[in-house]
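With the hints as a guide, dock the two chains, each given alone in a separate frame, to form the complex.
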Amino acid sequence: MLEYLPLVILISLAAGLAVLVVILGHSFGPHRPTAKKGLPYESGMTPYGPGTRRMSVRYYLVAVLFILFDIEVVFFLPWAVMFRKLGVFGLVEMLIFIGILLVGYVYAWKKGALEWE
Amino acid sequence: MILDQVIFLITAVVVLTAAILVVSVPKMIHAALWLILALAGIAVLFVLLQAPFFAVVQVIVYIGAIAVLVIFAVMLTRKAMQDDGPQLNRYSVLAAAVSLMLFAVLTGMLLSWDGANNLPVNPAVNPDTIVNLGESLTNPQGFLLPFEVASILLLAALVGAIYIGREHRAGKEEE
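First to last, the sequence lines map onto chains A and B. Residue numbers are given in the working numbering: position 63 of the first sequence equals residue 63, and the series is strictly consecutive. Each number in the working numbering comes from the position in the second sequence (counting from 1) with 1000 added on.
In isolation and in its complexed conformation, chain B is listed as follows (with noise of 0.2 Å):
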């Protein structure tokens, strides 16, 4: 459909932008405000890919709350907060290098794809998506153990996070 071209179109050049906004700006703190946009405009993309579920995730739980941890990692850093020198280095001409590299081995790769070129238009899914998406979490052939595995993964960044919030006012006393 025309309209769903239209609305990627846009929103991939705002994704873009953004994302290049994020490398480029000077002050860490306007790169964090420009993630949002780029973040806001992955959940447009869900929406296109039918699975409002991770559109809604991608607001609640990218936009409301990595976006919010950003910014205040952005804070705690005197030196991100009132840094604004170049963001080229000179190894910047290396890099790009590397990464146009990268990016056309990647598309060389998407392209052999069989998929790339005849997409299937409109998959024939239950439109209940968030129906499909417990009964493959909770599945023991489908996502069981990943699901499972990702509160391990939780477990570890929340202990990880207070040992270094802890340990960083236990310095503090001591002096």
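Looking at chain A on its own, in the form it has when it is part of the complex (with noise of 0.2 Å):
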């Protein structure tokens, strides 16, 4: 278990630090609100529209590819480290593994799903 202690360390101090900057921006700060300070916060503009508006389902598509390919590359570590040993049969065995996800990304593309249009 020892060896996850600097991960534990990190994590700690990352959102110690996240709270600490909030507690001393609220105590030490001057507050002094006003209706155009209350505003959420929209990248700098007058904010439009109610806040709960539907998304576009186009935002989930992006968001599938991108699970898709994210699992892609996870198999793709457990392989590497055995890469060496395994030789041309393991490469033969990866490159099926990616041909099949190749004729997705190939469908993608066609179908212009990658584009944002």
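Treat each hint with caution, since some may be false.
Said to hold, decoys possible - Now the in silico label distances, taken between C-beta atoms and shown as ranges: (1) B:Q1141 / A:L17: 43 to 53 Å; (2) B:I1152 / A:L114: 19 to 29 Å; (3) A:A35 / B:V1105: 58 to 68 Å; (4) A:K85 / B:V1105: 42 to 52 Å.
Unchecked claim - Stretches of chain B that chain A covers, calculated by requiring three or more beta carbons in the stretch to come under 8 Å of a beta carbon on chain A: (5) 1055-1063; (6) 1139-1153.
Claimed, not checked - Part of the chain B face toward chain A, derived, beta carbon under 7 Å: (7) V1068; (8) L1069; (9) F1072; (10) M1075; (11) L1076; (12) V1131; (13) L1133; (14) L1158; (15) A1161; (16) I1162; (17) G1165; (18) R1166.
In short, the hints are calculated from the structure, not lab data. For every residue, glycine included, the Cβ atom is placed at its ideal position computed from N, Cα and C.
Okay, structure coming up:
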């Protein structure tokens, strides 16, 4: 378990710093609210419309594509640590795996799923 | 080791609380956020089970990608964004009874299993778990076929997602 100690320290430092900065800002910063300051932050422009409006399905499509290729990469790592030992056989195995997913990639490309329009 | 047990108990409480909140908070977007906490707790459980690779995959794939997907799914559903009605309907008692029965059956089965009462404390495995995983994933006697079939599963998910996403847009153009 001791090998995870750096990870615990890192997470505690990150969380602690975030909490500390908010507390410091709240306790020492001047607090003079106006209607304009109370607006939700929208990249510097005045927000319009309801905050709970529906998002485009295109975001969902991008997220699904991201997950699929994310999982593909996850499978690469255990294969990569064995690569030298497996030789050509391992290469062929991975080429089949990538080949099947390449069909999906070409499909996504041809259908224009990678374009935002 | 006592430290492991303390960490496990804290994690179990956090995961169970978060999981119950996922199905009981009125707003879907809050449920999605509680789901992230539950998934993070599962990552800690993977660490306790000495599976660091799966802990990292849990964080990258589940918290990093699937949680984002769930939040997008909530945000593109108008009803889900504004609905904050009761979470129980008239079948809730029946559903609770069926769930309790299922829980009892599963618990009974687990308790009758030898491994439930005398778990190996520290199984003598190669500490390099990722090498073990790589070996079994690429071994034709091991999990090579499931590994290749996984790519077909991913392909099906990809085609399905593009089909649904594209159909939506095609319908819009016709209007």
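Evaluated hints:
One distance hint, 43 to 53 Å for the beta-carbon pair Q1141 (chain B) and L17 (chain A), holds here, with the actual separation near 50 Å. Against the hinted window of 19 to 29 Å, the Cβ-Cβ separation of I1152 (chain B) and L114 (chain A) comes to about 21 Å, which satisfies the hint. The supplied range of 58 to 68 Å is met by A35 (chain A) and V1105 (chain B), whose beta-carbon atoms lie about 59 Å from each other. For the pair K85 (chain A) and V1105 (chain B), the beta carbons lie near 44 Å from each other, so the given range of 42 to 52 Å is met.
With 3 residues having a Cβ less than 8 Å from any Cβ of chain A, the region 1055-1063 of chain B passes the three-residue criterion, so the hint holds. Only residues whose beta carbon comes within less than 8 Å of a beta carbon in chain A count, and the region 1139-1153 of chain B has 6; three or more means the coverage holds. This hint holds: V1068 (chain B) has a C-beta 5 Å from the nearest C-beta of chain A, less than the 7 Å allowed. The interface hint given for L1069 (chain B) is met, as the beta carbon of that residue sits about 4 Å from the closest beta carbon of chain A, less than 7 Å.
For F1072 (chain B), the interface hint holds, the least distance from its beta-carbon to any beta-carbon of chain A being 5 Å, beneath 7 Å. At a threshold of 7 Å, the smallest CB-CB gap from M1075 (chain B) to chain A is about 4 Å, leaving the interface hint in force. Because the smallest distance between the Cβ of L1076 (chain B) and any Cβ of chain A comes to about 5 Å, under 7 Å, the interface hint for this residue holds. The interface hint given for V1131 (chain B) holds, since its Cβ lies 6 Å from the closest Cβ of chain A, which is under the 7 Å cut-off.
The beta carbon of L1133 (chain B) comes within 4 Å of a beta carbon in chain A, closer than 7 Å, and the hint placing it at the interface holds. Here the hint on L1158 (chain B) is kept, as its CB sits about 4 Å from the closest CB of chain A, short of 7 Å. Proximity of A1161 (chain B) to chain A holds as hinted, the smallest CB-CB distance being about 4 Å (cut-off 7 Å). Hint status for I1162 (chain B): holds, given a least beta-carbon distance of 5 Å to chain A, under 7 Å.
With a cut of 7 Å, the hint placing G1165 (chain B) at the interface with chain A holds, because the nearest CB-to-CB distance is about 4 Å. This hint holds: R1166 (chain B) has a C-beta 6 Å from the nearest C-beta of chain A, less than the 7 Å allowed.
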